[in-house]
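Trainee: Each chain, letter by letter, is given below.
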Amino acid sequence: MTHAVADHPVLDPTVAPPFPVAALPVLRNPQLRKNVAHAMDVIQAKRARLVEEKADWQALRSAGAAIRDHVLENLGAYLEQFEERCTAAGGVVHWAADAAGARRIVLEILRAEKAAEVIKIKSMTTAEIQLNPYLEAAGVGVFETDLAEIILQLGREEPSHIVVPALHVNRSQVREIFARSMGIRDLSDNPQALTAAARNYLRRKFLTVPTAISGANFLIAESGGVAVVESEGNGRMCLTLPRTMITVAGIEKVLPRYQDLEVMLQVLARSATGERMNPYTSLWTGVTPGDGPQRFHVILLDNGRSQILGRKTERQTLRCIRCAACMNACPVYRQTGGHAYGSVYPGPIGAILTPQLMQMHHAQSLPYASSLCGACYEVCPVKINIPEVLIELRAQVTDQERRQVRRFFDPMYLGMRMAGLLLSRAWLFHAAQRMGRLGLRFFTGKDGWIHSLPGMGAQWTQTRDLRGMPGETFHEWWTKHKKEAR
Amino acid sequence: MRASLFITCYNDTLFPETGRAVVTLLERLGVGLEFRPQQTCCGQMHANTGFRTEAFSQARRFVRMYQDAETVVIPSSSCVAMIRDQYPGLFEELGDETLRRQLAALVLRVHELSEFLIDVLGVEDVGAYFPHRVTYHASCHGLRSLHLADRPARLLAKVRGIDLVPLPNLDRCCGFGGTFSVKNGEVSSAMLAVKLQDVASTCAEFCTALDNSCLMHLGGAMHRQYAGMRTIHMAEILASTESAPAEALK
Amino acid sequence: MNAAASPRQQALERIRAATRNPAASVEPAGSYASLRRDYIGHGALPAESRIALMLERLREYDAEVTECPPEALPATIAAQLLASGRHAFVAPAGLPQEWLAPQFAWKVDRDLPAAEIEQAEGVVTTCFCAIADSGTIVLHHSASEGRRVLSLLPDWHLCILRASQVVETLPEYFSLCKQPPRLVTWISGPSATADIEMTRIKGVHGPRFLHVILVRDPVADPTSNLQPDQAR
Numbered sequence: 001m002t003h004a005v006a007d008h009p010v011l012d013p014t015v016a017p018p019f020p021v022a023a024l025p026v027l028r029n030p031q032l033r034k035n036v037a038h039a040m041d042v043i044q045a046k047r048a049r050l051v052e053e054k055a056d057w058q059a060l061r062s063a064g065a066a067i068r069d070h071v072l073e074n075l076g077a078y079l080e081q082f083e084e085r086c087t088a089a090g091g092v093v094h095w096a097a098d099a100a101g102a103r104r105i106v107l108e109i110l111r112a113e114k115a116a117e118v119i120k121i122k123s124m125t126t127a128e129i130q131l132n133p134y135l136e137a138a139g140v141g142v143f144e145t146d147l148a149e150i151i152l153q154l155g156r157e158e159p160s161h162i163v164v165p166a167l168h169v170n171r172s173q174v175r176e177i178f179a180r181s182m183g184i185r186d187l188s189d190n191p192q193a194l195t196a197a198a199r200n201y202l203r204r205k206f207l208t209v210p211t212a213i214s215g216a217n218f219l220i221a222e223s224g225g226v227a228v229v230e231s232e233g234n235g236r237m238c239l240t241l242p243r244t245m246i247t248v249a250g251i252e253k254v255l256p257r258y259q260d261l262e263v264m265l266q267v268l269a270r271s272a273t274g275e276r277m278n279p280y281t282s283l284w285t286g287v288t289p290g291d292g293p294q295r296f297h298v299i300l301l302d303n304g305r306s307q308i309l310g311r312k313t314e315r316q317t318l319r320c321i322r323c324a325a326c327m328n329a330c331p332v333y334r335q336t337g338g339h340a341y342g343s344v345y346p347g348p349i350g351a352i353l354t355p356q357l358m359q360m361h362h363a364q365s366l367p368y369a370s371s372l373c374g375a376c377y378e379v380c381p382v383k384i385n386i387p388e389v390l391i392e393l394r395a396q397v398t399d400q401e402r403r404q405v406r407r408f409f410d411p412m413y414l415g416m417r418m419a420g421l422l423l424s425r426a427w428l429f430h431a432a433q434r435m436g437r438l439g440l441r442f443f444t445g446k447d448g449w450i451h452s453l454p455g456m457g458a459q460w461t462q463t464r465d466l467r468g469m470p471g472e473t474f475h476e477w478w479t480k481h482k483k484e485a486r
Numbered sequence: 001m002r003a004s005l006f007i008t009c010y011n012d013t014l015f016p017e018t019g020r021a022v023v024t025l026l027e028r029l030g031v032g033l034e035f036r037p038q039q040t041c042c043g044q045m046h047a048n049t050g051f052r053t054e055a056f057s058q059a060r061r062f063v064r065m066y067q068d069a070e071t072v073v074i075p076s077s078s079c080v081a082m083i084r085d086q087y088p089g090l091f092e093e094l095g096d097e098t099l100r101r102q103l104a105a106l107v108l109r110v111h112e113l114s115e116f117l118i119d120v121l122g123v124e125d126v127g128a129y130f131p132h133r134v135t136y137h138a139s140c141h142g143l144r145s146l147h148l149a150d151r152p153a154r155l156l157a158k159v160r161g162i163d164l165v166p167l168p169n170l171d172r173c174c175g176f177g178g179t180f181s182v183k184n185g186e187v188s189s190a191m192l193a194v195k196l197q198d199v200a201s202t203c204a205e206f207c208t209a210l211d212n213s214c215l216m217h218l219g220g221a222m223h224r225q226y227a228g229m230r231t232i233h234m235a236e237i238l239a240s241t242e243s244a245p246a247e248a249l250k
Numbered sequence: 001m002n003a004a005a006s007p008r009q010q011a012l013e014r015i016r017a018a019t020r021n022p023a024a025s026v027e028p029a030g031s032y033a034s035l036r037r038d039y040i041g042h043g044a045l046p047a048e049s050r051i052a053l054m055l056e057r058l059r060e061y062d063a064e065v066t067e068c069p070p071e072a073l074p075a076t077i078a079a080q081l082l083a084s085g086r087h088a089f090v091a092p093a094g095l096p097q098e099w100l101a102p103q104f105a106w107k108v109d110r111d112l113p114a115a116e117i118e119q120a121e122g123v124v125t126t127c128f129c130a131i132a133d134s135g136t137i138v139l140h141h142s143a144s145e146g147r148r149v150l151s152l153l154p155d156w157h158l159c160i161l162r163a164s165q166v167v168e169t170l171p172e173y174f175s176l177c178k179q180p181p182r183l184v185t186w187i188s189g190p191s192a193t194a195d196i197e198m199t200r201i202k203g204v205h206g207p208r209f210l211h212v213i214l215v216r217d218p219v220a221d222p223t224s225n226l227q228p229d230q231a232r
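Note that the protein sequences, when read in sequence, are chains A, B and C. For the first sequence, counting from 1, position 235 maps to 235 in my numbering; every step adds exactly one. For the second sequence, counting from 1, position 37 maps to 37 in my numbering; every step adds exactly one. For the third sequence, counting from 1, position 52 maps to 52 in my numbering; every step adds exactly one.
Here chain A stands alone, though its shape is the one from the complex (with noise of 0.2 Å):
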C-alpha cells in the first residue's frame, strides 16, 4: 500500500494525518527508529532505578492522584481562590476561553508593553495554542531558551517529546544548525561544544530583553504562587532578568495548597528524567519589589479542558502533569516517535488528550494508535487508567462514524457488525465457523497455513502469516469426547 507522506510533520490536529500514515516515515527510517528507542532505554533505566529505591512510590502515586481529582471537583472554588490570591500579591489574572483568545491576551500584553522581542521558558501550553508563530506574525521576535527548543526553532523542527523535545535530532544535525544560524564556523559536533554555543547565543538575550513568556506546572491556590520545574537555568533567567513575566497555564493546572508539592516534587522528576530531583524548581508568588519581573500576568486556558472536566471516565486526563513517563514505556511511542501523533501532545497521553482538545472534531485516529498494553497506566504518577480513556474513545469515535453512510460497506465496520450477529447466537456462531473453514481452505497452503489474504486481512498476512482453520473446533470436539467418555 502506498501513502501520501508529507516531507514535514504536521503537529495540527486538525489536519495532520492519520496516525498509521503518519508514523511511516519513522518507521522507514530504521536511525531515527534506533535514537528513538535509545533515548528511551536511557530515561526508562534512570527512572526504574528510583522508583525501585522509593519504597512509598505506590502511596506517592496514590495521593498524587487524590489530590488532582480533589483539584478536579473542586475546580471552580480553587481557581477563583487562586485568582484572589495572586492578584493581591500583585499578580495580573486574565481567563482565555480558548486558543485564539489566549494569543490575543499575550499579545495585547506584549503591544502594551512595546515589546519587539520575547524570551521564551519551554511551555506545552504556549505550544499547544501555537503561539509562537501567531506571535512572530505580529511581528514580535521569539527566543525559546531551552536547548532542545533552541535546536528545533533554529532547526525548523517540530518537537517529537513534551520533555526532550529534540531527541530525534542527533548531535551532527544539531552542529549543523548552530553553525549556520549562530553563525560559527568552527563548531564541533561534541554535545559539550554545542551546549557552551546555545549558553553563549543566549546569554545577551536574557540580559536585554525585557519580556518573558512561560508556562507552569503547578499554581498553587492557598497562595496565589506558580511553580516552574526545569533543568538547565534558562528558566531561572527568565523569571528574574525581564521586567514583564507573562505565564500561561492550563486551568488544570492548580493545586490546593504550598504542601501538595512534597507530592508532585517526588514523582514528577523521577518520572520525567529520571532524576531524584530536577536541577531547579521555581516558586514566585505575584511580584517581590526588588526581586524579578514587577508586571506579571496569567493567563488561565480553558481549551476545551472544562469540557473534558464534565466527563465522568475522561476528567482524569485532566490529572496529567505532564512529565511523559507514558511516551517513555510506550512500545507504540518506541516505533513511530512522537511527530505521528500530529499533535504537540505525542504518545498515551497525547492519543486521550489531543481529540478531547479538538472536541473529538479532529484527531479521531488517536484513540486507536495503542495495543492497550498498559505500560502507560503503570507508570503514571498520578494512576490515570490511559487504557481505560482510550477505549472510552474508540467507543465514541465508533459511534459518531458508524451513523456515516460512507462507513456503512468500510469493511471493519462491516465485519464488525457482522461479528457482533455471529456471536449473539451458538448456532449462528458455529455455522459461520463451518463457513471459515470452507472459504479460508482457498488461502490455505499447503503447509495449512495462510500466507496471503485479500481486503483487510492483508494488513495481517503482509508481514505474518495465519495458521489455517484446524478441521475440527473445540466444541466439537467435545461433544465427541463426552460421548466417547460414556
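Hints are all accurate, no fakes.
The calculated PhoX-like cross-link candidates involving lysine-lysine, where the alpha carbons are at most 20 Å apart (straight line), are:
{"hint": "1", "chain 1": "A", "residue 1": "Lys34", "chain 2": "A", "residue 2": "Lys46"}
{"hint": "2", "chain 1": "A", "residue 1": "Lys205", "chain 2": "A", "residue 2": "Lys114"}
{"hint": "3", "chain 1": "A", "residue 1": "Lys383", "chain 2": "A", "residue 2": "Lys54"}
{"hint": "4", "chain 1": "A", "residue 1": "Lys446", "chain 2": "B", "residue 2": "Lys250"}
{"hint": "5", "chain 1": "A", "residue 1": "Lys383", "chain 2": "A", "residue 2": "Lys312"}
{"hint": "6", "chain 1": "A", "residue 1": "Lys46", "chain 2": "C", "residue 2": "Lys202"}
Derived coverage of chain A by chain B (criterion: at least 3 residues anywhere in the stretch with Cβ under 8 Å from a Cβ of chain B; other residues may be distant):
{"hint": "7", "segment": "361-374"}
{"hint": "8", "segment": "462-475"}
What the hints contain is simulated information worked out from the structure, not anything from laboratory work. Ideal Cβ placement from N, Cα and C applies to all residues, glycine included.
Since chain A is already given, all that's left is putting chains B and C on it; use the hints.
Mentor: The following block gives chains B and C in isolation, referenced to the frame of chain A:
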C-alpha cells in the same frame, strides 16, 4: 471440585488443541469439567474497538450463562481481563442493576488458568513432562491487569525436563492488540519485529504464553520468517506427560 | 450562558456546570483534609546518616563539599574562595560581614544591576534548608540567601549549609513552612541538560559550579532544632 470451561471464541475456532490440553490437565488433577455449548465470546474485540452495543450484548450473554456456575476457568488472560476490568463499566453504562449484581457475585469465581491452578487448586507441580527449551512471554493483560506475577514461572519450573530460558524485555508488548494489528498493521509489525528479536535471542524451541492471541501474532511471524521456533500455549506444556506428549510434538 | 458575561464568568460557569459543584469561593477544606497521604513524612535516619546522605547526594551531582566546625567558618570561606582561583565576588546584603574576606573584591547586593552581578566570578549565600533524600538545597531568598538573580548569574555558587539545617525528606521541609513562602528556588545540583542524544552536560545557564560548606553545628532530632535564617 467442579469447573465450567469458557474456552473463548478464538480458541474454539483456531486453537482447539489448547482446549483439549486444558481438559486433559484439569481432569488429571481431578477437576470435574463441564462445557456449556451455547458459549461464544466475552466481547473483548468489540469493546476494545469501540463497538459498545455489541460488547454489551456479549457481556450480558456471558453473565447470564455462567451465573450458576461453581467456577469458570478461562485459558486466555485478556478475556479474563475483559470480564474483570470492562464488564462493570459496561453494565453501569447500560444502567442494568441486576446484571451488575450478578456480575459482582460471579466475577470472584472466574479464573484464568494459572490462577485456577495455583490459587484455587493449590498446585504448582501438575505432573507435566516437557523436555524442551522454552521461553515464557508474559501477555500484557496477564502481567498488568491480572497481575499473574510469578504464577506462570512457578508452574513451569515444576515441569520435568524443561529448559526454561528467561525472555529479555519481558514486560514489552508484542504488538498484537486485537484490531490494532490490522488498523495499525505497520506499527504492530514493527513492534512484533522487536519482540521476535528478543524471543530469537533465547534460542528456545518454544515460546509459550497464557494467551493464544499473542502467540498467534508471534507464531505467524515465526512461520513467515522460518524462525525455527514455534509457539505453544502453556496449557499444552502443563498437560504434556511422558506417555501423552503435547500434540505439538507429534 | 450569558453572552455579555466576562470571559472569567463564562469560564467559571463552564467549570461549575462540568463539575456539578456550585460551591463558589468556599474553601473545600473538609474533603481536602481527608485526602489519603500514606507516603513517608518523616525520615527515620539518625542524624549522622542523614548528613552523610546529603553529602553523598551533593557529590553525586558533582558539587564540591567542604566541612568545617562553626568557629572555623570565616576562615574556611576565605580558604575556599582562594582555592577557587577567583577574585571578584558578590554577596547578599544580609551576609555576615566577617565572611567577606578582605583580600577579595566584594560587591554587596543593594539592588545591583544584573550586568554588574554578571561580572562577578562567584557568589556566597546561605540557604533555608537542605533535603538529604534528593540532595536539594532550598532558598527562600531571605537577606542572607540573596535575591534570585544573585545566585544565578555568577558561574560559581558557594552555599553555606549548617548540619542542623539538613532534613531527610521533602515532606519534612514542607512541615517547616508555616506559611507558603513568596519566593523559592530548589537547587539539586548544577544546571544540566540531556537534550542532545541524552548525553548529560553540566552547566547550561545557571552556575556551572556549586560548592557547599557544611558547617558542623550540633544536630539533634531530625528537624526540631532547625533555625531558618532570618526572614526577609
